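Undergrad: Starting from the structure of chain Y, add chain P where the hints point.
If you read the sequences in order, they're chains Y and P. So for the first sequence, my numbering puts the first residue at 112; every next one is plus one. So for the second sequence, my numbering puts the first residue at 1253; every next one is plus one.
Hints listed in this document are in silico derivations from the structure and should not be mistaken for laboratory results. Predicted model only: the values in this text are computed from it and were never measured. Ideal Cβ placement from N, Cα and C applies to all residues, glycine included. Nothing false has been slipped in among the hints.
Far from chain P, by Cβ distances over 10 Å, these chain Y residues were calculated:
(1) Asp118
(2) Tyr162
(3) Ser163
(4) Arg170
To give an idea of the interface, some chain P residues facing chain Y are shown, with a C-beta separation under 7 Å as derived from the structure:
(5) Leu1298
(6) Ile1345
(7) Gly1359
This is what each chain is made of:
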Amino acid sequence: RKEVEQDPGPFNVPEGATVAFNCTYSNSASQSFFWYRQDCRKEPKLLMSVYSSGNEDGRFTAQLNRASQYISLLIRDSKLSDSATYLCVVNGGGNTPLVFGKGTRLSVIA
Amino acid sequence: GAVVSQHPSRVICKSGTSVKIECRSLDFQATTMFWYRQFPKQSLMLMATSNEGSKATYEQGVEKDKFLINHASLTLSTLTVTSAHPEDSSFYICSAPSSGEQFFGPGTRLTVL
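Isolated chain Y (complex conformation) (with noise of 0.2 Å):
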């Protein structure tokens, strides 16, 4: 079993749509989650971090089960500039290294 895990893509959808990106991690004592975003042949830039209490950053809200093992990224009112590969990434804390989901792909179309 990979350790993190995502939904597979690509999400095509209109300007305007709402997306949800689901994630599940093996690892029960992981201790930090993030959503990276990484633009075609660039590298992973920090979306958000993902707290228990679920978190909101403009249109993007991230929430966390730590019961179920599951992450997801919600994105309201989706731009053309939010096209890009979404990385659900969790690591064990501390100075330990991440460990990345494959990423889902997401294109907004106009």
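TA: Same frame as chain Y, now just chain P:
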């Protein structure tokens, strides 16, 4: 946020040559840095953990004699791909932790002909 640089950003080399990639933390010190590799349409896979002042630790399946890592100072780690072959063509990215967050270099795209 903290800044991590990588050099070169792109390299094309002949099969059998060695390629050195540098990863620098520009405004913070990093006793640990991580080297990842990403093949097309695949996720980032951790190759090794670079430790300042000690040997790097390699992930299973990564040949330590082929991918030489040297963490020369608190701001510099280098990855040398020795005797590169076409199957080593990939996107190599380093990261360094600072204040609980990981900061990535811009990546190095290696193409081995």
